[in-house]
Amino acid sequence: MRTAILALLFIGAAAAQQTVAPTPETVGPPRGDNVSDYNIVNSIETGYRWSSIGGSLDEYRSQVNYGNGARLLGSFFSMNSKDGHGRFFDQIMLTTQGLGNDPYESATLRVEKNRIYRFDMNWRLNDYFNPGLTSAGQESGNLRDTRYTSQDDDLTLFPQSKFKFFLGYSRGVQEGPELTSVGGIFAPVQGPAGFTSLRDARNEYRIGNEFQIFGVKVNWMRGWEDFKEDFVVIPQSDTGAPLPSQRTNPYHGTSPYWRVVLFTDKKWFSVNGRFTYTNTQRAFVNEQSGLLGGVTTNLGLLQVVTRGTGHRPVATGNLTFSIFPTSKLTFTNTTSVYNLRTAGDFQVIQLNGGTGSFQVLNALYLGIRTVSNQADLNYQATRWIGFFAGYHYSDRFMRNILDVTLPAFDQTSILNAGVFGVRIRPLQPVTIVLSGEVGRANQPFAPKSDRNYQALDARIQYKHKSLLLSAYAQSNYNNNSVSFTSYSSHARTYAANLAWAPRPWLSFNADYSKLHIDSLGGLSFFEGGDSPVSGYSLYISNLQTGNAGVRFAIGKRVDLYAGYSHVQDTGDGRSNPFGSGTGTDIPEFQRAQTFPLKFQSPLGRLSVKLSNRIRWNVGFQYYGYHEDFFTGQNFLPDQAYRAHTGYTSVLWSF
Amino acid sequence: MKTATSAFLFPVLLAVLPAFAQKETAPAPKEAAGNFVGGEACKTCHADVWAKFYKNPHFKSVASGKETPEHTGCESCHGPGGAHVAAHGGKATIVAFSQLEPKQILDNCLRCHAQTLSRANIRRSSHTQNEVVCTNCHSIHKSPAPKFLLANTQAEMCYGCHADVRSQFSMPFKHRVNEGVMVCTDCHNPHGAYPPTWRNGERPRMMEQALGNEEPCLKCHEEKRGPFVFEHPPVRVEGCEVCHYPHGSANSRLLRRPVVFTMCLECHNGAPGFGRTGQGDPVPFQFHDMRSPRYQNCTNCHSHIHGSNVDAFFLK
Numbered sequence: 005m006r007t008a009i010l011a012l013l014f015i016g017a018a019a020a021q022q023t024v025a026p027t028p029e030t031v032g033p034p035r036g037d038n039v040s041d042y043n044i045v046n047s048i049e050t051g052y053r054w055s056s057i058g059g060s061l062d063e064y065r066s067q068v069n070y071g072n073g074a075r076l077l078g079s080f081f082s083m084n085s086k087d088g089h090g091r092f093f094d095q096i097m098l099t100t101q102g103l104g105n106d107p108y109e110s111a112t113l114r115v116e117k118n119r120i121y122r123f124d125m126n127w128r129l130n131d132y133f134n135p136g137l138t139s140a141g142q143e144s145g146n147l148r149d150t151r152y153t154s155q156d157d158d159l160t161l162f163p164q165s166k167f168k169f170f171l172g173y174s175r176g177v178q179e180g181p182e183l184t185s186v187g188g189i190f191a192p193v194q195g196p197a198g199f200t201s202l203r204d205a206r207n208e209y210r211i212g213n214e215f216q217i218f219g220v221k222v223n224w225m226r227g228w229e230d231f232k233e234d235f236v237v238i239p240q241s242d243t244g245a246p247l248p249s250q251r252t253n254p255y256h257g258t259s260p261y262w263r264v265v266l267f268t269d270k271k272w273f274s275v276n277g278r279f280t281y282t283n284t285q286r287a288f289v290n291e292q293s294g295l296l297g298g299v300t301t302n303l304g305l306l307q308v309v310t311r312g313t314g315h316r317p318v319a320t321g322n323l324t325f326s327i328f329p330t331s332k333l334t335f336t337n338t339t340s341v342y343n344l345r346t347a348g349d350f351q352v353i354q355l356n357g358g359t360g361s362f363q364v365l366n367a368l369y370l371g372i373r374t375v376s377n378q379a380d381l382n383y384q385a386t387r388w389i390g391f392f393a394g395y396h397y398s399d400r401f402m403r404n405i406l407d408v409t410l411p412a413f414d415q416t417s418i419l420n421a422g423v424f425g426v427r428i429r430p431l432q433p434v435t436i437v438l439s440g441e442v443g444r445a446n447q448p449f450a451p452k453s454d455r456n457y458q459a460l461d462a463r464i465q466y467k468h469k470s471l472l473l474s475a476y477a478q479s480n481y482n483n484n485s486v487s488f489t490s491y492s493s494h495a496r497t498y499a500a501n502l503a504w505a506p507r508p509w510l511s512f513n514a515d516y517s518k519l520h521i522d523s524l525g526g527l528s529f530f531e532g533g534d535s536p537v538s539g540y541s542l543y544i545s546n547l548q549t550g551n552a553g554v555r556f557a558i559g560k561r562v563d564l565y566a567g568y569s570h571v572q573d574t575g576d577g578r579s580n581p582f583g584s585g586t587g588t589d590i591p592e593f594q595r596a597q598t599f600p601l602k603f604q605s606p607l608g609r610l611s612v613k614l615s616n617r618i619r620w621n622v623g624f625q626y627y628g629y630h631e632d633f634f635t636g637q638n639f640l641p642d643q644a645y646r647a648h649t650g651y652t653s654v655l656w657s658f
Numbered sequence: 195m196k197t198a199t200s201a202f203l204f205p206v207l208l209a210v211l212p213a214f215a216q217k218e219t220a221p222a223p224k225e226a227a228g229n230f231v232g233g234e235a236c237k238t239c240h241a242d243v244w245a246k247f248y249k250n251p252h253f254k255s256v257a258s259g260k261e262t263p264e265h266t267g268c269e270s271c272h273g274p275g276g277a278h279v280a281a282h283g284g285k286a287t288i289v290a291f292s293q294l295e296p297k298q299i300l301d302n303c304l305r306c307h308a309q310t311l312s313r314a315n316i317r318r319s320s321h322t323q324n325e326v327v328c329t330n331c332h333s334i335h336k337s338p339a340p341k342f343l344l345a346n347t348q349a350e351m352c353y354g355c356h357a358d359v360r361s362q363f364s365m366p367f368k369h370r371v372n373e374g375v376m377v378c379t380d381c382h383n384p385h386g387a388y389p390p391t392w393r394n395g396e397r398p399r400m401m402e403q404a405l406g407n408e409e410p411c412l413k414c415h416e417e418k419r420g421p422f423v424f425e426h427p428p429v430r431v432e433g434c435e436v437c438h439y440p441h442g443s444a445n446s447r448l449l450r451r452p453v454v455f456t457m458c459l460e461c462h463n464g465a466p467g468f469g470r471t472g473q474g475d476p477v478p479f480q481f482h483d484m485r486s487p488r489y490q491n492c493t494n495c496h497s498h499i500h501g502s503n504v505d506a507f508f509l510k
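Going down the list, the protein sequences come from chains D and F. So the first sequence is numbered by the numbering used here: it starts at 5 and just counts up by one. So the second sequence is numbered by the numbering used here: it starts at 195 and just counts up by one.
Think of the hints as simulated: they come from the structure by calculation, not from any bench. Don't take every hint at face value.
No farther apart than 20 Å at their CA atoms in a straight line, the calculated lysine-lysine pairs in the PhoX-like style are these [what the hints assert, rightly or not]:
no.: 1; chain 1: F; residue 1: K249; chain 2: F; residue 2: K336
no.: 2; chain 1: F; residue 1: K260; chain 2: D; residue 2: K166
no.: 3; chain 1: F; residue 1: K254; chain 2: D; residue 2: K86
no.: 4; chain 1: D; residue 1: K86; chain 2: F; residue 2: K246
no.: 5; chain 1: D; residue 1: K332; chain 2: F; residue 2: K297
no.: 6; chain 1: D; residue 1: K86; chain 2: F; residue 2: K237
no.: 7; chain 1: D; residue 1: K467; chain 2: F; residue 2: K336
no.: 8; chain 1: F; residue 1: K297; chain 2: D; residue 2: K271
no.: 9; chain 1: F; residue 1: K297; chain 2: D; residue 2: K467
no.: 10; chain 1: F; residue 1: K297; chain 2: D; residue 2: K270
no.: 11; chain 1: F; residue 1: K341; chain 2: D; residue 2: K86
no.: 12; chain 1: D; residue 1: K168; chain 2: F; residue 2: K254
no.: 13; chain 1: D; residue 1: K232; chain 2: F; residue 2: K418
no.: 14; chain 1: F; residue 1: K341; chain 2: D; residue 2: K117
no.: 15; chain 1: D; residue 1: K166; chain 2: F; residue 2: K254
Computed from a prediction, not measured in an experiment: that's the story for all the values here.
Based on the provided sequences and hints, a complete structural model is requested.
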């Protein structure tokens, strides 16, 4: 048994290598060190990352973004009281990753005193770089180089009691420079791009309580989420020179919410009900001013102020029953109600060359009310076979008011869906699950929405000691046809996974996946003439992905890991972007029908145990990205890149 | 309407069904066992488990000293150990999880853990339907993970069954799960969730919803929550996934198409019956000559495509 557990752990170590660092190996005494009435386990990994990039640096930063420099690659610290009666705490646990300027950083902290309190903190940073919409060689004026940080703090008082209190605070901030095409005065067609310093901030405060009455647990939470976004855009002309105009757009709001949940779980039934109410409100002012003479038309000074408020109350309710008439049968029914209304008022004030105009408009009204009911049956007939089935019903009513002078547009969409499945266990280590879902919707919202769809799944898994084999196949078909256009989408996924640890010092992991998509959609567009052209789009993707890794330990001192990841879209099989003979025949559409590319990333790592408390590690990872079409053609930029990255570090325990 | 009425009849049927309940044919292992002996007896033979049990969250029941025997230490999960001690071991004399059927494992754990908000829907979750129960993901005695007694790092454990999802996170553009910034449970509740009423139907499943049954995307992408004076309705009606792959994509910004205009035009084709008026999603104006690269990247100008307070065409 111990061997099997160790083997499974090594499988995890092998499979975990999507990124080469931090090092997953552990250091120090496995059971830690005893200090007074506490046990301490700790480790710190410090080192240096390096990278060498050729080709498109923008694309590399958008996809990978590891740079150079010293890092605290990872750390772990835990302190546990041995008798569960520590004076101020019974557990402290701290983990960090990537601190010191990695693009992806995180830290978690837990402090707990049994029966009294538990505090959890989770902090994260994501360095996000987007060079605009660059797929398929397209460029845009929307560039972003931001850092998103978020933090969640939760304090639970009396966590083991039947009377608990919750206090929480969350914060998220995205900030950094942005080049945006949100437009100048006359943005519609040729609005110049502008620079801005983006800053979105979210603060959420929450307080709650849980208690038990008559055998039913009641959990309530009251929260307030505040949001603000402030930026000033200074547009640039085509030559890069600042224009004498600006745009200011403060946008603030709050989302106070209530959530109440009641639930109980008994021997032969369980019931839970949940109610939420969120009343999001937003207030905004948008001011644009500029001297337009010589830029587009000779209109002189123009100032436009748009201001207003919007509110969106959302009320939801859920009620779920589960009953267990026998030990083999579970019947569950859940009813959900969702009610949303979006409304508000706004004013547009336009001052044009000293002549003012003033207009008050209503925000577009959007109301959605959805009622759904789902009944599911789960029956284990024998030890080796079980069945499940369900019927799902949704009724969505939507009301749209585009102008107070126009009638409301109402529509009702009803979806009926059935799910079914069978579980088979012909042998103890083998599990087979076959399932499907068939749905019919009478009024889909968009041509791409589910209308007549079916989804079929098959999964087989073999798990025995240190060997895990699984395979998975899925197909999703959707047809959505109306009088003169049609939309159909076929998606088929095949995946297989192998994890095997034949020895404690040797483990393998490999997986393969193929995703086929073909979508046919009706199109209507202009091709320079006065009348729209009708055509269709046939998009085909054959995306194949493979990952493999092997971990090899030499004696008790050296661990080697080698892995490889490969992603390739073979497209529809054509060798050049200019036409496949299908779909709408203008070249721009032909080129958009498929997008073959290749992305690969081999990696290797060596970890040497210098002593019981010190390891030395070195690793290398290559990233290569290549787009088969559009590269260097038609003046479009080459977005391929090759990146050699690596690190060396010391992992130690004090 | 008739269908709606019949849908509400289910709760009534539910109330009646227990009357037809059968008596359980086989007693649960816990009930079949003998007297409680306490954890001290267990550690005699299972010293390796006991040696670090004080780090286990279940140790709280021992440290408390106030719990009843059936809720204390080893016997709270494995049942009374009297017969097991008397027989000098053996899996037949105690609740051995390796011998239990999946539903028995679930029931055993839910004796204590059912009274937790995040597990309110575990009975109807896809995992339960597929016989993925507690011990498939949690290793009670040998967990290598710092929290929640997980049997592996969270992403790796999910990838073990969801190989297709591992592939999606291997794409050039993806949410940073493999990089350690995000975890699967930021968006999913593996114990089961309420239906995703932001759209019709049951899918996507097991989503950890934001404030008011909203998509979890809005927990981080708060600036897209709105309300906006001009909403792009598909965001609210169909959800983010109508345009984006949430896990990973070969296309920038996790889009479903490499070229933006084809994705937009699949809906904006004027086909009657669709859109917020039911008269079709508007066809782009005449000046959008699709042969020109300027108009092929729609979001170059329609940069506030998720919603705008200023412009009905999402230009600013």
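Okay, the hints, checked on the actual structure:
Under the criterion of a C-alpha separation no larger than 20 Å, the hint pairing K249(F) with K336(F) is consistent with the structure, at around 11 Å. Restraint check for K260(F) and K166(D): satisfied, since their Cα atoms lie roughly 14 Å apart, inside the 20 Å limit. A C-alpha spacing of about 11 Å is found between K254(F) and K86(D), which places the hinted pair at or below 20 Å, so the restraint holds. Distance check on the hinted pair: K86(D) and K246(F) sit about 9 Å apart at the alpha-carbon level, within 20 Å; holds.
Between K332(D) and K297(F), the direct Cα distance comes to roughly 8 Å. Compliance with the 20 Å bound is thereby established for this hinted pair. Taking the CA atoms of K86(D) and K237(F), the gap is about 15 Å. The hint holds against a cut of 20 Å. This hinted pair checks out: K467(D) and K336(F) have alpha carbons roughly 18 Å apart, not beyond 20 Å. Proximity of K297(F) to K271(D) is assessed by CA-CA distance (about 13 Å); at most 20 Å being required, the pair is judged to hold.
For the hint pairing K297(F) with K467(D), the CA-to-CA distance comes to about 19 Å; that is within 20 Å, so the pair holds. Note on K297(F) and K270(D): the hinted pairing holds, with a Cα-Cα distance of about 15 Å set against a maximum of 20 Å. Proposed proximity of K341(F) and K86(D) is supported: the alpha carbons are some 18 Å apart, at most 20 Å. Distance hint between K168(D) and K254(F) is fulfilled; the C-alpha atoms sit about 16 Å from each other, no more than 20 Å.
Our distance criterion of 20 Å between C-alpha atoms is met by K232(D) and K418(F), whose separation comes to about 12 Å. Restraint check for K341(F) and K117(D): satisfied, since their Cα atoms lie roughly 16 Å apart, inside the 20 Å limit. This hinted pair checks out: K166(D) and K254(F) have alpha carbons roughly 15 Å apart, not beyond 20 Å.
Every hint, counting from the list given before, is met by this structure.
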